[in-house]
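Q: Use the sequences and the hints to build the structure in full.
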Amino acid sequence: MNRIHVSLRTADLEATTAFYTKMFGVGPDKVRDGYVRFAPEAFPIVLSLQPGEVDVDHFGLRVEAEQTDITFGALAAAGLPVNPATDVVCCHAKKDETWLRDPDGRAWEVYAVTDEAPEAEPSRACCA
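As numbered in our numbering, residues 635 to 762 make up the sequence shown, in order.
Everything labelled a hint here was simulated from the structure, so no lab data went into it.
Accuracy of the hints is not assured; some may be wrong.
As the list claims (entries may be wrong) - Pair ranges (Cβ atoms, derived):
(1) 677 with 750: 26 to 34 Å
(2) 646 with 704: 37 to 45 Å
(3) 667 with 712: 32 to 40 Å
(4) 751 with 635: 13 to 21 Å
Since we're looking at a predicted model, the values are computed, not measured.
We put the beta carbon where it would ideally sit given N, CA and C, even for glycine.
A: Have a look at this one:
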């Protein structure tokens, strides 16, 4: 399923996790040290939470792995700067991704997860 991805920084990871658990009616599907992710079946969203100064970290469009080339091609055809990276380990998943910034500087990650539980450590500073 294609989903909107929102990554939020939070001052209180435990309280924020409890809030979204109540809001979505289900708990997180991935919990790691300093990272919580929700992907509720009832909503077309992937929400990740990380500790830090309260702010939006980034937005994202998660696409199915078989749609990556089509999606990246459509973005490039629209004149957006697409710089795909493959097998990136970030946010506790392996993925193929590209990053875009809107005119106001907001970061958008367009990605497909290829492995939900990779053994490898993050390839770089995550979600930058």
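Q: Work down the list of hints and note, for each, if the structure agrees.
A: Going down the list of hints, with the structure as the test:
| no. | hint | result |
| --- | --- | --- |
| 1 | 677 with 750: 26 to 34 Å | violated, 18 Å |
| 2 | 646 with 704: 37 to 45 Å | holds, 40 Å |
| 3 | 667 with 712: 32 to 40 Å | holds, 38 Å |
| 4 | 751 with 635: 13 to 21 Å | holds, 19 Å |
The structure fails hint 1 only (numbered hints given earlier).
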